[in-house]
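The listed protein sequences derive, respectively, from chains A and B.
Quick note: the first sequence uses this note's numbering, first residue 257, plus one each step.
Quick note: the second sequence uses this note's numbering, first residue 9, plus one each step.
What the hints contain is simulated information worked out from the structure, not anything from laboratory work.
Every value quoted in this text rests on a predicted model; they were computed, and no experiment measured them.
Accuracy of the hints is not assured; some may be wrong.
No more than 20 Å apart at the CA atoms, straight line, and that leaves these computed lysine to any residue pairs for SDA-like [claimed, not checked]:
{"#": "1", "chain 1": "A", "residue 1": "LYS331", "chain 2": "B", "residue 2": "THR142"}
{"#": "2", "chain 1": "A", "residue 1": "LYS331", "chain 2": "B", "residue 2": "LYS149"}
{"#": "3", "chain 1": "B", "residue 1": "LYS67", "chain 2": "A", "residue 2": "ARG280"}
{"#": "4", "chain 1": "A", "residue 1": "LYS320", "chain 2": "B", "residue 2": "THR89"}
{"#": "5", "chain 1": "B", "residue 1": "LYS151", "chain 2": "A", "residue 2": "GLN277"}
{"#": "6", "chain 1": "B", "residue 1": "LYS186", "chain 2": "B", "residue 2": "ASN130"}
{"#": "7", "chain 1": "A", "residue 1": "LYS267", "chain 2": "B", "residue 2": "THR142"}
{"#": "8", "chain 1": "B", "residue 1": "LYS149", "chain 2": "A", "residue 2": "GLY308"}
{"#": "9", "chain 1": "A", "residue 1": "LYS330", "chain 2": "B", "residue 2": "THR89"}
{"#": "10", "chain 1": "A", "residue 1": "LYS330", "chain 2": "B", "residue 2": "GLY86"}
{"#": "11", "chain 1": "A", "residue 1": "LYS285", "chain 2": "A", "residue 2": "LYS330"}
{"#": "12", "chain 1": "B", "residue 1": "LYS67", "chain 2": "A", "residue 2": "GLN277"}
{"#": "13", "chain 1": "B", "residue 1": "LYS67", "chain 2": "A", "residue 2": "SER266"}
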Amino acid sequence: MKHKVTILTSKSCPACPTAKQIWRKIKEKNDFDYEEIDVMSDNGQKIISNEGIMSVPTTIIDGKIIFTGIPDEKKAEDLIKE
Amino acid sequence: MPIWDTIIIGGAAAGLSAAIYTCRKNMKTLVISIDIGGQNLLTEQEENYPGYIELSGPKLMQIFQKQAINFGAEIIFGKATKLEKLDKNFKITMGNGDEYITKTVILSFGKISRPLNVEGENKFMGRGVHTCATCDAPFTKGKNVAVIGGGNSAFEAAELLTKFANKVYLIHRRDEFKADPITVDKIKNKNKVEIIINTIIKKINGEKNVDSLLIENIIDNSTKELKIDSVFIEIGYILDTDWVSNLVKLENRQIITNKKAETITPGIFAAGDVTNSPYKQTITAAAEGAIAGLSSYNYLRSKEGKSTISLDWK
Ligand SMILES: Cc1cc2nc3c(=O)[nH]c(=O)nc-3n(C[C@H](O)[C@H](O)[C@H](O)COP(=O)(O)OP(=O)(O)OC[C@H]3O[C@@H](n4cnc5c(N)ncnc54)[C@H](O)[C@@H]3O)c2cc1C
């Protein structure tokens, strides 16, 4: 099954560029659907209220909140390879 | 398993500068870091870093990273948790269990946000416990929140939160504040804000998310449950150096180094805010990183019976 990774970020969040950098690096080596969503966008607002997200960066994998904060690269890549 | 010439722990001002120097000497260099930029990610304007009139901390750190990568540095994102000396080399173990072997080590892992160390803090991290007001303030619309701390960062967080939250409690364990009086006055006069002094947090309660704090007045020891949806911890920074104390000497949790960035263990160097250097600035961290980089190169040369160098440009 092809995994789907959604990372929620905001412009004012200092940790978000690193979180995005990690996912982009993993994406270069692995095949999965990937999207970056700003929580201030309409879609972002919808996701945070549906999922009860209170913090950025947050990574959702296959519909489940998996990381709040900066992910560990290896743990993140291992999940994608499963 | 590859053997690295150097592994640099911490990818911010000190560590990325060290990487520029080790890579320019063709040392096989790995930077292990939780994030890129460290404390500089919180600096809006880096006004005292020479060479730039106006530049934000995050932008400056992006340039450091680009420079290190251009010279050949590799980066792995994660937390290093164990450092061991082997026969000839060093072994670094990550929180996720991965291991790396290296001939030299540069410790440049700076400072981390000070935790409260109370029950519920880790459990609810990102679900009502927050350490970054600029990140998470927009999630507090119409909610009741608490800020813990008495310094400028606590008051600045409280001010930002008044733009979103319904009610902001600022809780401080003393009756005096470290924050500038002007900043304190600005917050004191806001209707939404209630300042609670001489009070500590005993526990953070909740089910899925945070729903209250158990607080204790340290004068009369009375306790009370304060209903809130989010708590922002703004109590400064600490050095988390216990995990390397088997191989370096510590003083007030800082790693003791000499002018060559050497620690008591040959082959282990340290640079930046994590050391006992008297000044904690981006430029001093970068300079110490450069010294650590060159010293690690000289260490490897000496081991091979070669003469040491003092320049990077000849
Ligand atoms: C709000 C604020 C404003 C500041 N403003 C200025 C300013 O205007 N000018 C100035 O010169 N200085 C300023 N400073 C100080 C400056 O930011 C620091 O001196 C500088 O960041 C120190 O750099 P460093 O590389 O030693 O450590 P840090 O910046 O603390 O970086 C440490 C790095 O190590 C990583 N790390 C930590 N533990 C581990 C681990 N176990 N495993 C892997 N990685 C780890 C972190 O993720 C981080 O990337 C400011 C500091 C703050 C907090």
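Against the structure, the hints come out as follows:
1. Between LYS331(A) and THR142(B) the CA atoms are separated by roughly 27 Å; this puts the pair beyond 20 Å, and the hint is violated.
2. A threshold of 20 Å between alpha carbons decides the hint, and for LYS331(A) with LYS149(B) the separation of about 33 Å lies outside it, so the pair is violated.
3. With a C-alpha separation of about 19 Å, the suggested pairing of LYS67(B) with ARG280(A) holds against the 20 Å cut-off.
4. For the suggested pair LYS320(A) and THR89(B), the alpha carbons sit about 28 Å apart, so the restraint of at most 20 Å is broken.
5. Proposed proximity of LYS151(B) and GLN277(A) is contradicted: the alpha carbons are some 32 Å apart, above 20 Å.
6. Distance check on the hinted pair: LYS186(B) and ASN130(B) sit about 26 Å apart at the alpha-carbon level, beyond 20 Å; violated.
7. With a CA separation close to 9 Å, the supplied pair LYS267(A) and THR142(B) stays within the 20 Å bound.
8. A C-alpha spacing of about 13 Å is found between LYS149(B) and GLY308(A), which places the hinted pair at or below 20 Å, so the restraint holds.
9. Distance restraint check for LYS330(A) and THR89(B): the Cα-Cα separation of roughly 15 Å lies within the 20 Å cut-off, and the hinted pair is therefore satisfied.
10. A hinted pair counts as satisfied when its Cα atoms are at most 20 Å apart, and LYS330(A) with GLY86(B) qualifies at roughly 8 Å.
11. Of the supplied pair hints, the one linking LYS285(A) and LYS330(A) holds, its CA atoms being roughly 13 Å apart against a limit of 20 Å.
12. The hinted pair formed by LYS67(B) and GLN277(A) meets the criterion: a straight-line CA distance of about 14 Å does not exceed 20 Å.
13. Distance check on the hinted pair: LYS67(B) and SER266(A) sit about 16 Å apart at the alpha-carbon level, within 20 Å; holds.
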